[in-house]
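Please construct the entire structure, taking both the sequences and the accompanying hints into account.
In numbering that gives the first Met the number 0, the protein residues as written are 0 to 193.
Hint data in this document are derived by calculation from the structure and do not stem from the laboratory. Only a predicted model underlies this, so the values are computations on that prediction, with no experimental measurement involved. One should not assume that every hint holds.
[Claimed, not checked] Think about it this way: if two alpha-carbon atoms lie no more than 30 Å apart in a straight line, the pair counts; the simulated BS3-like pairs of lysine-lysine are:
1. 5 to 154
2. 5 to 177
3. 177 to 188
4. 36 to 21
5. 36 to 5
6. 188 to 154
7. 177 to 154
8. 177 to 151
9. 45 to 79
10. 45 to 18
11. 5 to 79
12. 44 to 79
[To be verified] Here are the in silico distance ranges between beta carbons for each label pair:
13. 65 to 167: 41 to 49 Å
14. 12 to 181: 18 to 26 Å
15. 104 to 181: 54 to 62 Å
Quick reminder that beta carbons are idealized off the backbone N, C-alpha and C, glycines included.
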Amino acid sequence: MSDLYKTITGVAEGYYTEKRSKFYAFAHPVETADAVKEIVAQYRKKYYDARHVCYAYMLGAERQDYRANDDGEPSSTAGKPILGQINANELTNILIVVIRYYGGVNLGTGGLIVAYRTAAAQAIANSEVVERQVEELVTFDFPYVMMNDVMKVIKDMGPRIVSQQYDNTCSIVLSIRKSEAEQLRNRLKQLSFG
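This is the structure we're talking about:
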């Protein structure tokens, strides 16, 4: 598995209209299912007069945590096409909400699938897609006299310092690209035995 994944930065919008029905799409970067629930609840409140608030999301670098919701539309005509666009663009840590205002004309299952898919695709097209790396936390405890050696390893490998505590026994938490975490652990461990 690669330790890179694609996601979006910031909120982006898309729009589609078909036979007087209006589809407003909103793409959000999200990290947790709780964040998804909160954002969907905000849209339900803001667009209380809309007929449907459908959505799909994907979480995690492995892209295993996902859900699609049709919100009363015929089964698999809303959430699945939205999720399909997330998959087609290989995105994760993303939520796409599509709000439908009914125009008085039934679109049929084919029409609904096209409408939700197109609205979601528009939101993604208007998003800024970025590549991120999966990071792993490495915690290391060491005596103060090893400070210079530890800092040299940090300078060489370039992990991000998440937190640090200096006392007689020092503790440091580092975040580094997942594929390099084991190498960082080994180099720090060697200091203890060196």
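Results of checking the hints against the structure:
no.	hint	verdict
1	5 to 154	27 Å, holds
2	5 to 177	15 Å, holds
3	177 to 188	17 Å, holds
4	36 to 21	23 Å, holds
5	36 to 5	22 Å, holds
6	188 to 154	16 Å, holds
7	177 to 154	18 Å, holds
8	177 to 151	20 Å, holds
9	45 to 79	23 Å, holds
10	45 to 18	24 Å, holds
11	5 to 79	20 Å, holds
12	44 to 79	23 Å, holds
13	65 to 167: 41 to 49 Å	48 Å, holds
14	12 to 181: 18 to 26 Å	42 Å, violated
15	104 to 181: 54 to 62 Å	59 Å, holds
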